[in-house]
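Visitor: Chains as they are written, first to last, in the numbering used here: chain P, 1 to 105; chain C, 1 to 105.
Any given hint could turn out to be false.
To be verified - Within a straight-line C-alpha distance of at most 30 angstroms, the following computed DSSO-like cross-link-like pairs (lysine-lysine) qualify:
1. C/K11 x C/K33
2. C/K11 x P/K87
3. P/K87 x C/K12
4. C/K91 x C/K12
5. C/K91 x C/K20
6. P/K20 x C/K20
7. C/K51 x C/K87
8. P/K11 x C/K33
9. P/K12 x C/K11
10. C/K89 x P/K11
11. C/K11 x P/K11
12. C/K11 x C/K91
13. P/K20 x C/K33
Unchecked claim - Over 12 angstroms on every C-beta distance to chain P, these chain C residues come out as not near it, computed from the model:
14. E43
15. Y44
16. T81
Since the hints were made in silico from the structure, they are not lab data. Backbone N, C-alpha and C fix where the C-beta goes; we use that ideal spot for every residue, glycine too.
Number of protein chains: 2
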Amino acid sequence: MSQFENVTIVKKANTYFEGKVTSRTVLFADGTKKTLGIMLPGEYEFGTDDKEIMEILAGELQILLPGDEQWITISGEGEFTVPAQSKFKLKVTGVTDYCCSYIQE
Amino acid sequence: MSQFENVTIVKKANTYFEGKVTSRTVLFADGTKKTLGIMLPGEYEFGTDDKEIMEILAGELQILLPGDEQWITISGEGEFTVPAQSKFKLKVTGVTDYCCSYIQE
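Okay, chain P solo, but in the shape it has when bound (with noise of 0.2 angstroms):
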């Protein structure tokens, strides 16, 4: 799918790291949100509420799934889950486009 129709998009962007790590909120129908977001070269370490699937639409990252000790890498596009209510870490590469879903279980 490229391109989501139908939905609600945030004008406003989430600014995160000095805008480092930036991403506009969509809203479907259905009552479930993803965001759109882009990454700059750098290390991040997030946390999650709701389990969140990322898929990396372009980019170069490599990616700490909580309780992993070995670091997933991912060149080109990709896809990884987190559990809610946890954190995961990031090493950037090469600017990373991505659609993060946000999973209520």
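Following the hints, put chain C in place on chain P, whose structure we already have.
Guide: Positioned in the frame of chain P, the structure of chain C alone reads:
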């Protein structure tokens, strides 16, 4: 208007200047188009095809419009218009969140 309803959003970002300027394309039912974007600090020159109305949602920047000799400063919110088929320069000094409307004449 803090959000756009019943719109289509293109999933992939538009990326310029090594990711220091990125945007997402929003398509409206009436056939018009806007982009929601982020500019990180830096100096940029852009060219327009259509006339553009740039709404600054948040940010710190200076703008040199085509034919002008004096830079305009926006700190916080603001708006400026760029004619079709022209070039304009920006000096962005703080992370800038914008909404650009493309006006076909």
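Visitor: Against each hint, give a clear statement of whether it holds in the structure.
Guide: Hints versus structure:
1. Restraint check: the Cα-Cα separation between C/K11 and C/K33 comes to about 14 angstroms, which is no more than 30 angstroms; the hinted pair holds.
2. For the hint linking C/K11 to P/K87, the alpha-carbon distance of about 25 angstroms falls within 30 angstroms, and the restraint holds.
3. Distance hint between P/K87 and C/K12 is fulfilled; the C-alpha atoms sit about 26 angstroms from each other, no more than 30 angstroms.
4. Distance hint between C/K91 and C/K12 is fulfilled; the C-alpha atoms sit about 26 angstroms from each other, no more than 30 angstroms.
5. Of the pairs offered as hints, the one joining C/K91 and C/K20 holds, with about 12 angstroms between alpha carbons and a cut-off of 30 angstroms not exceeded.
6. Between P/K20 and C/K20 the alpha-carbon distance is near 9 angstroms, which keeps this suggested pair within the 30 angstroms criterion.
7. Note on C/K51 and C/K87: the hinted pairing holds, with a Cα-Cα distance of about 11 angstroms set against a maximum of 30 angstroms.
8. A threshold of 30 angstroms between alpha carbons decides the hint, and for P/K11 with C/K33 the separation of about 14 angstroms falls inside it, so the pair holds.
9. Our distance criterion of 30 angstroms between C-alpha atoms is met by P/K12 and C/K11, whose separation comes to about 17 angstroms.
10. A hinted pair counts as satisfied when its Cα atoms are at most 30 angstroms apart, and C/K89 with P/K11 qualifies at roughly 24 angstroms.
11. For the hint linking C/K11 to P/K11, the alpha-carbon distance of about 15 angstroms falls within 30 angstroms, and the restraint holds.
12. Restraint check for C/K11 and C/K91: satisfied, since their Cα atoms lie roughly 28 angstroms apart, inside the 30 angstroms limit.
13. Distance check on the hinted pair: P/K20 and C/K33 sit about 26 angstroms apart at the alpha-carbon level, within 30 angstroms; holds.
14. Against the 12 angstroms criterion, C/E43 stays outside the reach of chain P, whose nearest CB is about 16 angstroms from its own CB.
15. With a least CB separation of 15 angstroms from chain P, C/Y44 remains clear of the 12 angstroms interface cut-off, as annotated.
16. Every CB of chain P is more than 12 angstroms from the CB of C/T81 (nearest about 18 angstroms), matching its label as outside the interface.
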